[in-house]
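Enquirer: Take the sequences, apply the hints, and build the full model.
There are 2 protein chains.
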Amino acid sequence: MRPNFNLWLEVNGEVTFSIWRVRLLKAVEETGSISGAAAQLGIHYRTAWQKIHEMETRLGIKLVETQTGGRQGGGATLTPIALEYVERFLYFSADVEQAVEAAYQAYIDKLSPRC
Amino acid sequence: MRPNFNLWLEVNGEVTFSIWRVRLLKAVEETGSISGAAAQLGIHYRTAWQKIHEMETRLGIKLVETQTGGRQGGGATLTPIALEYVERFLYFSADVEQAVEAAYQAYIDKLSPRC
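These protein sequence lines map, in sequence, to chains A and B.
Residues in the first sequence are numbered from 6 upward in steps of one, following our numbering.
Residues in the second sequence are numbered from 6 upward in steps of one, following our numbering.
Honestly, the hints are just simulated from the structure, not real lab data.
Please note: incorrect hints may appear among the correct ones.
Which copy is meant is left open, so a pair is good if it fits within one copy or across any two.
[Unchecked claim] Simulated crosslink set (DSBU-like; lysine-lysine; CA at most 35 Å straight-line):
no.: 1; residue 1: Lys31; residue 2: Lys67
no.: 2; residue 1: Lys115; residue 2: Lys67
no.: 3; residue 1: Lys31; residue 2: Lys115
These numbers come from a predicted model, not from an experiment.
Expert: Next comes the structure, spelled out in structure tokens:
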């Protein structure tokens, strides 16, 4: 038996950042484009774009800057506030992961069948 | 902005206990029947029964004892091991909830828009 969790932030009861959404933003930064991020996560470009747009609307802040044209064609980078949110969410999530493991060891591990 | 989470236990990668499933077991204990628990959670009897059956199969242990007939008609109670799992899962979940709040305060709260 193993513990698992999901973690997210809500604005007015609606999901803004989550483990998956932060992975999406990180992928934009790593690949330099929304299409590259979509490919990395195995989702459609349209889905990636919609999720980013949804987060921006719910937060009321810009998270992704897009450039069109240029030598490399269009590209995308995270805004400074998006980079800050990503970094802080990763710390937030790492702390919670440690707590889940510790609480699992404290309350469940001794009781659970071996699998 | 507010944090939220879900928490569950997996056996061979399949969900056994989760916050919702433990609520279902608690409702069986409180109402004394699977149908009462289903009504309390606003789900069909068949769904409640299936989830319980699934948990028992994945764990390889009996969680709910059902009685047929008698003065009150059929009823259901949790087995001692199910009661133990419910109690421990609630402690587990309460610890994680505290950790989520603490980590949120530490990393996110100062940064978040007021909502």
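Enquirer: Against this structure, judge whether each hint is valid.
Expert: These are the hints, each one checked on the structure:
1. Lys31 / Lys67: within (15 Å within a copy, 44 Å between copies)
2. Lys115 / Lys67: between (47 Å within a copy, 18 Å between copies)
3. Lys31 / Lys115: Between copies only: 21 Å across chains, 37 Å inside a chain, cut-off 35 Å.
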